[in-house]
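Undergrad: Listed below, chain by chain, are the residues.
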Amino acid sequence: MEALVAILIGTLAGCGVYLALRSRTFPVVLGLTFLSYAVNLFLLVMGRLTIGKPPIIVEGVADYADPLPQALVLTAIVISFAMTAFVIVLSLKAHLEMGNDHVDGKHKP
Amino acid sequence: MINHIVILPVIWPLLLGALLLLLQKQSLKVLRIASISSVSVLVLLAGWLLSIVNDGEILVYALGNWPPPFGIVLVADRLAAWMLIITALVSLCALLYAVRGTDTMGPHFHVLYQLQLFGLNGAFLTGDLFNLFVFFEILLLASYGLLLHGGGRLRTMAGLHFVIINLVGSTLFLFAVGTLYGLLGTLNMADLAIKVADVASEDIALIRTAGLLLFAVFALKAALLPLYLWLPAAYAHTSAPIAALFAIMTKVGAYSILRIYTLIFGEQAGPIANLIQPWLLPLALATLIAGVLGVLASARLRQQVAYLVVASVGTLLIAFGINTSAGIAAGLYYLPHSTFAAAAFFLLADGIANRRGETSDRFEPGLIMMHQRIVGTLFFIVAVLVAGLPPLSGFVGKFLILQAALSHAALPWIMAIVLITSLFTIIALARSGSLLFYRAQAPQAIHTAMDTHVQPGITPDINGLVITACLLALCVALMIWAGAIIEFVQATANQLLQPDDYIQSVLGIEK
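Protein chains in written order, with the UniProt record's numbering: chain A, 1 to 109; chain B, 1 to 511.
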């Protein structure tokens with residue numbers, strides 16, 4: 001399972017980096033979204049992958065899932081959600097003011 | 001008994017920001033008075049906190065009374081209080097400048113301003129790595145709003161670059177934090193400092209990776225080479241009071257570098273000790289060179305000031321890169337000087353641009369300005385400060401840095417680069433000054449200059465110059481009370497290099 005999740009995170013991060021380096025704002029926004037998905041999964045996995053274990057104290061249970069990464073990833077999701085919304089609106093504003101969606105505002109044929 | 005003063009500088013701007021949001025319908029005057037009095041209270045709070053921690057005490061505030069390392073802690077030591085007072089003073093001056101008209105150019109200026117201070121103060125006080133990330137995001141989100149405040153094509157584009165690069169930086173920050181948590185099982189900085197010292201040998205490479213990834217993030221915030229390219233456009237195109245406030249933003253990166261790499265990855269980190277030392281000094285020297293080359297090549301005054309900020313970051317991190325008690329102390333003396341001087345220069349550049357009408361702040365001969373003598377005198381003082389000429393605080397700061405470098409192996413490099421770049425800074429500023437003031441044409445058309453000045457709504461009155469002069473007076477104060485301040489920063493540097501006190505205060509244990 002670890003290998004599968006690692007490949008998943010790697011693919012997401014790779015796609016994110018590739019798209020973030022594009023010259024139009026829309027792929028850049030998508031790339032940033034992919035990067036934030038990758039990092040959210042990464043944070044969650046840092047509590048180690050466990051199945052069917054309680055995150056809070058239960059009578060008679062010795063093994064627990066780590067609850068802290070879940071709290072961290074929740075914060076990270078909220079922040080990345082807000083940031084994505086902001087950057088979308090900013091890209092639209094840039095598109096309206098510049099008349100094109102190039103990140104440097106250049107006119108291309 | 002928890003000492004509640006530690007949380008006041010964080011919670012106060014947050015509450016005021018929320019209150020100002022409710023007061024949006026009130027007249028502008030009410031908003032301005034509320035905003036200015038809030039920042040004045042912050043100055044007093046920071047001064048109070050500074051007087052408490054001055055004797056070496058480290059105040060710890062456990063949020064929700066969760067015992068560390070399980071809950072989030074706020075920690076006020078000398079460094080945090082020093083950063084708070086600098087932030088409060090700069091933000092007060094910038095706000096006084098902004099209420100002359102900048103704040104009417106878009107909605108929610110004052111709310112964003114308070115939230116910006118909330119993020120800044122939180123970042124300086126927090127003792128938890130993930131909480132540092134959260135406060136970084138708060139201050140960045142507020143800074144996006146402030147940077148774009150007023151609108152305009154160039155501002156939007158510079159803002160877009162600033163936002164995108166900082167979003168990538170946040171992602172890297174989370175990867176680093178996640179790696180550290182996965183390996184060490186804690187995010188409390190004091191607890192990390194203990195755990196990092198006896199890490200298993202197979203994890204060393206991963207911890208080093210996470211540590212250097214964090215360094216990349218902080219270098220991005222601090223605008224260290226090669227990650228400084230976002231800064232000149234963003235700072236040159238935003239409104240003047242915001243650029244002046246942002247003079248403290250690069251210092252957040254410098255602060256984080258100093259905090260994390262003395263506390264967690266410092267002398268006592270066992271196999272990972274002094275993690276960034278091979279990187280910091282060379283990069284800082286290169287940043288200084290790149291910044292000064294930008295200063296020489298600038299076509300506009302605002303752009304030149306933005307590159308001066310890059311150069312000052314280089315100088316500051318050279319001091320931290322020397323990594324002795326004297327070096328860090330020199331950096332901590334140079335930090336407020338460079339912040340105040342850069343803020344004053346941004347405000348002055350705005351005053352000059354408004355007075356020159358159509359030529360704005362481009363380096364071409366223009367009309368003689370209103371208040372030419374006062375503006376010229378202020379320009380001269382700022383130039384002396386920034387270039388580091390005696391007798392003002394810039395000289396004291398650079399002298400302390402060079403003195404600290406005397407015992408360092410890279411002394412020839414530091415000496416040569418700092419002195420030669422200072423010379424180039426003097427040349428560049430002398431050229432701009434003579435072009436702006438001596439080659440100005442006769443005032444036959446001063447009324448047209450008044451009609452067409454670039455930012456409508458802001459008249460080039462004398463008040464703006466008085467506020468600029470206030471910032472310069474702070475630099476003069478740094479020079480007059482240099483003895484007491486150097487004693488304080490020396491004590492701060494010693495406190496930073498002995499993190500045991502910090503760790504004991506937070507965790508309440510003997511190491």
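Please keep in mind that the hints were generated in silico from the structure rather than gathered at the bench. Don't take every hint at face value.
Stated by the list, open to error - Covered stretches of chain A (chain B as the covering partner; in silico rule of three or more C-beta atoms under 8 Å from a C-beta of chain B):
#: 1; segment: 26-35
#: 2; segment: 53-63
#: 3; segment: 67-79
Unchecked claim - Here are the simulated BS3-like cross-link-like pairs (lysine-lysine), alpha carbons at most 30 Å apart as the crow flies:
#: 4; chain 1: B; residue 1: K25; chain 2: A; residue 2: K93
#: 5; chain 1: A; residue 1: K53; chain 2: B; residue 2: K195
#: 6; chain 1: A; residue 1: K106; chain 2: A; residue 2: K93
Even glycine gets a Cβ: it sits at the ideal position worked out from N, Cα and C.
Undergrad: Indicate, hint by hint, whether the structure satisfies it.
TA: Structure-based check of all given hints:
no.	hint	in the structure
1	26-35	holds (count 3)
2	53-63	violated (count 0)
3	67-79	holds (count 6)
4	B:K25 / A:K93	holds (26 Å)
5	A:K53 / B:K195	holds (26 Å)
6	A:K106 / A:K93	holds (15 Å)
Against the hints set out earlier in the document, a violation occurs for number 2 only.
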